[in-house]
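Letter by letter, the chains look like this.
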Amino acid sequence: MHTYEPPIFELSSPGKIGAALPDAGVPETELPAHLLRDDDLAGLPEISETEVVRHFTRISQRNFCIDTGMYPLGSCTMKYNPKIHEDAARLPGFAFIHPLQAEETVQGALQLTYELQNILAEISGFDQVCLQPAAGAQGEFAGILVFRAYHLDRGDDQRDEVLCPNSAHGTNPATAAMVGFKVVEIATDSRGNVDLADLRAKVGPRTAGLMLTNPNTLGLFDENVHEVAKIVHEAGGLMYGDGANFNAILGIVKPGDVGFDFMHYNLHKTFTTPHGGGGPGCGAVGCKEFLADYLPGPIVALKEGQYTRHTPVKSIGRLKAFKGNFGMFVRAYTYIRMLGAAGLRSVSEHAVLNANYLRVNLDKIYPVAYDRTCMHEVVLQGKIKGAPSVHTLDIAKRLIDFGFHPPTVYFPISVAESIMIEPTETESKRNMDAFIDAMKQIAHEAVENPELLHAAPTTAPVRRLDEATAARRPILKYDQAAIAALLSK
Amino acid sequence: MSHYISITESERAEMLKAIGVADVAELFHDVPADLRFPTLDLPAALAEGEMARELRRLSSKNSDVLNYSCFLGAGAYNHFIPAAVDSLLRRSEFYTAYTPYQPEISQGTLQAIFEYQSLMCGLLQMDAANASHYDGATAMAEGAIMAISATRNRRKIVVAPSVHPQYRGVLRSYTQGLGVTITGDENPAASVADAAALVDNETAVFIVQSPDFLGVLHDLKPVAEQIHAAGALLLMVTNPIALGLFQTPGMVGADIAVMEGQPLGIPLSFGGPYVGVFSCTEKLLRRMAGRLVGVTTDLNGQLGYVLTLQTREQHIRREKATSNICTNQGLMALAATIYTSLMGKTGLRKVAELCYQRAHYAAKAIGNLAGYEVLEQGAFFHEFVVRCPRPVAEITQALHAQGIIGGYDLSKDYPHLGNAMLICVTEQNTKNDIDQLVAVLGG
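Those protein sequence lines, which keep their order, are chains A and B. Start counting at 1 in the first sequence, then tack on 8, and there's your number in the numbering used here. Start counting at 1 in the second sequence, then tack on 6, and there's your number in the numbering used here.
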């Protein structure tokens with residue numbers, strides 16, 4: 009089916025509107041002439057509702073999504089998004105309440121928030137949770153600000169470094185830099201764990217903390233996590249847990265039990281609030297009691313039968329206006345309440361089972377980065393024997409022709425030609441078998457007919473795109489002349 | 007086993023055999039044995055019907071703006087949302103997709119973001135807009151950080167006290183580790199001119215809001231000249247619905263413009279998810295945080311869209327990135343795109359006029375009530391300050407009993423105003439709603 013759809017501005021003609029609006033129905037007040045805009049809103053189109061709906065429906069069909077197929081993006085946890093969540097978040101008493109209403113008029117919303125705080129604390133082994141951060145990166149920001157505030161509060165003002173393993177997500181070092189810390193990179197050992205010797209060499213009185221994802225981005229549970237935490241703590245540093253991979257350990261182990269002082273949860277990964285093509289998320293944070301006074305606010309508490317909000321006494325301050333992405337709280341709460349403790353453990357068990365099933369079926373053809381039992385994702389390398397011209401990118405693009413969303417590629421950066429596959433617990437064996445067959449077929453093609461891979465994809469709405477031109481001569485908003493010039497080349 | 011999992015018992019056994027382990031527990035042998043499989047003390051699992059009932063019970067404990075008439079704004083606004091917005095947002099193709107890292111199968115998301123960037127630039131009259139921030143407040147804070155990097159050694163931020171108090175709070179949270187000074191808002195009664203007078207050759211950026219937190223519209227053209235003369239940047243915080251009628255950041259000459267995009271088709275939802283609209287001039291483009299979508303062609307010469315200028319971002323540049331932002335508010339940006347497309351130039355102006363006309367009608371009527379006084383502050387958009395004869399909390403309680411959600415209590419943030427309430431009127435408030443509010447206040 010041909011799905012090309014022009015930029016929406018090309019549907020515009022004078023006199024059309026896509027909404028029915030009422031008359032003012034009140035006596036008119038004059039507008040302040042000197043404060044009016046002077047361009048007649050020239051940059052906005054005029055389109056009917058019919059056309060707008062068809063436009064966005066048509067472009068939506070140019071997207072791959074979880075509901076159309078397997079989406080094994082490593083570290084992204086693209087699991088099924090239950091439909092009841094969408095209804096729940098749109099209930100009038102959730103979607104249509106104002107964030108500044110008096111507390112007594114929003115007790116149900118505050119109760120849900122309070123219960124979700126407690127549930128997340130219980131699952132992870134922490135004492136206090138704050139749901140305000142909007143995304144994982146903002147949760148990290150909260151954590152590193154809390155670390156800074158904690159050290160300064162103790163008069164410990166020499167700590168200006170944050171340690172990050174070289175397998176860390178880019179957000180970790182970027183976060184530390186945003187708080188004003190120097191980033192010190194720690195090596196990975198031959199089994200994919202934090203290199204203890206390198207850690208010992210770099211930790212010290214300047215260490216504010218270590219940011220660790222566990223299971224890490226190599227898909228491995230760090231076997232030495234206790235020892236890592238001990239080394240960091242003995243140097244006076246704190247342990248930050250990046251919860252991006254929490255989906256592997258629900259009911260398996262509590263991060264608070266293995267030495268983490270603070271962590272963020274990605275409600276949009278582990279607790280399946282939809283990714284929405286890039287967001288919104290929720291990067292709720294949890295911590296041990298000794299850090300709770302520094303958390304951002306507001307946090308919900310229960311006092312004398314009433315749910316109330318408060319900001320901790322030494323808070324780092326608010327990170328967002330209002331309370332956080334409440335719509336995501338509703339979805340995550342619904343998810344957890346419907347699964348219960350056994351259901352959550354089953355989530356992680358199946359996520360890990362599925363990833364290992366892919367591992368053992370693919371590791372003969374695609375070298376596995378670390379030959380160990382993996383957790384919820386497996387990192388392979390796109391190095392196919394006898395196919396020197398084929399790279400990970402080609403394999404990824406060819407998977408599109410087989411009807412799969414490619415895995416995460418070229419991350420973690422510490423593994424050459426990496427292919428990071430996270431099937432999640434909601435993928436069926438039937439689909440995974442089809443994925444395995446496709447990966448085997450692609451490896452065969454890579455040797456026999458590599459052009460098939462270099463030319464891929466051929467079945468997607470567009471062929472490979474010229475990213476270099478896009479960056480060299482950026483067209484970042486609709487410009488008819490610039491687009492015409494681009495197309496005439 | 008949950009109804010979201012598709013693996014049967016026999017398949018599970020087959021898979022375990024292929025892996026070479028006896029049971030699933032064996033897969034977790036790297037986890038310290040003494041801490042493995044802790045008990046989770048959680049409420050019992052609920053079936054879908056039971057859960058739906060529980061959710062309805064919690065939801066019904068809240069007073070919503072569908073059943074109450076709402077005069078509360080202060081940064082989150084109750085506007086009409088055409089049904090087509092949510093109908094399109096509920097398409098799986100949009101909401102169950104990830105960040106468009108594989109452009110060939112993400113053209114829908116990419117095209118929508120490109121159109122969002124274009125529409126926001128048109129609305130603001132700015133050169134470039136990114137694919138969104140978490141909300142208006144974080145967009146403002148990131149704008150200030152960008153201004154510091156763009157002005158090299160300048161470490162002072164001046165902010166007018168009429169900028170949203172929570173936004174100023176977020177600004178302070180965001181910059182606490184960066185060794186910058188924030189000034190201008192120490193005295194809540196200071197004017198924009200008072201604050202602007204503090205801008206000097208150490209100042210990176212002046213932050214001002216129009217319409218401001220108290221609803222007032224400012225002519226910022228002279229302010230921009232003054233700020234630029236000092237070598238500083240102007241960051242303007244504005245409201246997207248007001249832009250249907252009033253002075254834009256582009257007209258003013260702002261270097262950076264941000265706004266809360268929630269009024270553009272996004273429900274109040276108790277404070278989020280919303281969308282932070284972020285824009286700047288061409289000159290600042292490469293210092294901008296967040297994702298950007300650009301236009302290009304594919305191998306066949308067909309028009310296509312890609313994420314571009316990614317060397318600014320954390321997944322490439324790590325600690326040298328312009329920000330740590332990764333996940334943004336994509337789906338909410340889509341809502342704003344659809345809303346803005348539906349309204350178009352006529353609809354947006356009309357919504358702005360409805361807000362303006364009804365708010366001015368309400369202000370006049372309340373100003374005529376004994377004991378109430380509408381603060382004379384100059385031109386305003388859809389919010390105004392009312393001095394009340396009693397503490398605002400008492401009044402809002404009385405209003406609630408009559409089915410009305412009253413305005414924002416200004417006594418904490420702006421104590422010099424006394425018992426002052428910030429009232430917001432939008433196109434959702436009919437003449438009857440306003441008359442009823444006036445009657446209850448007067449009674």
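Hints listed in this document are in silico derivations from the structure and should not be mistaken for laboratory results. It is possible that part of the hints are untrue.
[As the list claims (entries may be wrong)] Computed spacing ranges between beta-carbons, pair by pair:
id: 1; chain 1: B; residue 1: ALA404; chain 2: A; residue 2: PRO14; range: 50 to 56 Å
id: 2; chain 1: B; residue 1: ASN306; chain 2: A; residue 2: ALA490; range: 36 to 42 Å
id: 3; chain 1: B; residue 1: ALA404; chain 2: A; residue 2: ASP487; range: 50 to 56 Å
[What the hints assert, rightly or not] What the simulated footprint calls covered on chain A by chain B, stretch by stretch (three residues with Cβ under 8 Å from a Cβ of chain B suffice, anywhere in the stretch; the number is not a length):
id: 4; region: 67-77
id: 5; region: 183-191
id: 6; region: 240-254
id: 7; region: 309-318
id: 8; region: 326-339
id: 9; region: 351-362
id: 10; region: 441-451
Glycine included, each C-beta is placed from N, C-alpha and C at the ideal position.
For each hint, the structure was consulted:
1. ALA404/B to PRO14/A: 50 to 56 Å: holds (55 Å)
2. ASN306/B to ALA490/A: 36 to 42 Å: Because 20 Å falls outside the window, the suggested range is violated.
3. ALA404/B to ASP487/A: 50 to 56 Å: holds (54 Å)
4. 67-77: holds (count 10)
5. 183-191: Our answer is that it holds, as 8 residues pass the Cβ test (under 8 Å) against chain B, meeting three.
6. 240-254: With 0 residues closer than 8 Å to chain B, the region 240-254 of chain A misses the three-residue bar; violated.
7. 309-318: violated (count 0)
8. 326-339: holds (count 12)
9. 351-362: With 10 residues close enough to chain B, the hint holds.
10. 441-451: As far as the region 441-451 of chain A goes, the hint is violated, because 0 residues have Cβ atoms under 8 Å from chain B.
Violated hints, listed in ascending order, are 2, 6, 7, 10; each of the other numbered hints is respected by the structure.
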